[in-house]
Amino acid sequence: SAVISQKPSRDICQRGTSLTIQCQVDSQVTMMFWYRQQPGQSLTLIATANQGSEATYESGFVIDKFPISRPNLTFSTLTVSNMSPEDSSIYLCSVEEKGASDTQYFGPGTRLTVL
Amino acid sequence: AQKVTQAQTEISVVEKEDVTLDCVYETRDTTYYLFWYKQPPSGELVFLIRRNSFDEQNEISGRYSWNFQKSTSSFNFTITASQVVDSAVYFCALRFSRLTFGEGTQLTVNP
Chain L
3 SAVISQKPSR
13 DICQRGTSLT
23 IQCQVDSQVT
33 MMFWYRQQPG
43 QSLTLIATAN
53 QGSEATYESG
63 FVIDKFPISR
73 PNLTFSTLTV
83 SNMSPEDSSI
93 YLCSVEEKGA
103 SDTQYFGPGT
113 RLTVL
Chain R
3 AQKVTQAQTE
13 ISVVEKEDVT
23 LDCVYETRDT
33 TYYLFWYKQP
43 PSGELVFLIR
53 RNSFDEQNEI
63 SGRYSWNFQK
73 STSSFNFTIT
83 ASQVVDSAVY
93 FCALRFSRLT
103 FGEGTQLTVN
113 P
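Chains as they are written, first to last, in this note's numbering: chain L, 3 to 117; chain R, 3 to 113.
For reference, chain L alone in the conformation it holds in the complex (with noise of 0.2 angstroms):
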């Protein structure tokens, strides 16, 4: 399966500020996506980031709070934006290898504390 890392591993923000996770694999990937989990809770999707246009978000969530770029079919970003301290989560990226069979590999998570 890809390898997939993510960056930082861990942050403490200050409320009103804006934080971006980085999440590199070492292959090409078909689908990329980006799920929070809450403190004691199970994952919830964010959105899945599509390489090459806008990201497909899930509802509750927005744009402007969660902006995400794909550039490539390596590498995505999100952005938490304004963040305020229920923002508090680990975030994972995820993905489908090209021809996977629906597998989603998780990477290692950012946990994130905010002040």
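Since the hints were derived computationally from the structure, they do not count as laboratory data.
Glycine is no exception: its CB is placed at the ideal position from the N, C-alpha and C atoms.
Please note: incorrect hints may appear among the correct ones.
[What the hints assert, rightly or not] A partial selection of chain L residues facing chain R, derived with a Cβ cut-off under 7 angstroms:
1) Leu45
2) Thr105
3) Tyr107
4) Phe108
5) Gly111
[As the list claims (entries may be wrong)] Label pairs and their computed distance ranges (CB to CB):
6) Ser29/L to Ser63/R: 19 to 27 angstroms
7) Thr33/R to Gln30/L: 25 to 33 angstroms
8) Gly18/L to Thr32/R: 28 to 36 angstroms
9) Pro10/L to Arg30/R: 21 to 29 angstroms
With chain L held as given, fit chain R onto it using these hints.
For chain R alone, kept in the frame of chain L given last:
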């Protein structure tokens, strides 16, 4: 609508005990995929197994085994002879158009 239910929020066992994690799902689709993932305290999500809806064969991988029963819409996961390193949150997930996760089961294996 898709839904995954993991009724066991927390399970605590002593090392070497066998433990079964339950997963019940709801979907109207006839073609779908079921998954189990492990999330250790470090936070990464580790893929364990994928099953498609047409393959009801049970699977065994070392100490892990999975029982898929379409008739009861269940996809249960058993760890035999549990070890401390098995302590983690385990998620069951269902995929049709998107991946839907259950709420997870926190497994603690005590020495």
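Taking the hints in turn, this is what the structure says about them:
| no. | hint | result |
| --- | --- | --- |
| 1 | Leu45 | holds (5 angstroms) |
| 2 | Thr105 | holds (5 angstroms) |
| 3 | Tyr107 | holds (6 angstroms) |
| 4 | Phe108 | holds (4 angstroms) |
| 5 | Gly111 | holds (5 angstroms) |
| 6 | Ser29/L to Ser63/R: 19 to 27 angstroms | holds (25 angstroms) |
| 7 | Thr33/R to Gln30/L: 25 to 33 angstroms | holds (26 angstroms) |
| 8 | Gly18/L to Thr32/R: 28 to 36 angstroms | violated (48 angstroms) |
| 9 | Pro10/L to Arg30/R: 21 to 29 angstroms | violated (41 angstroms) |
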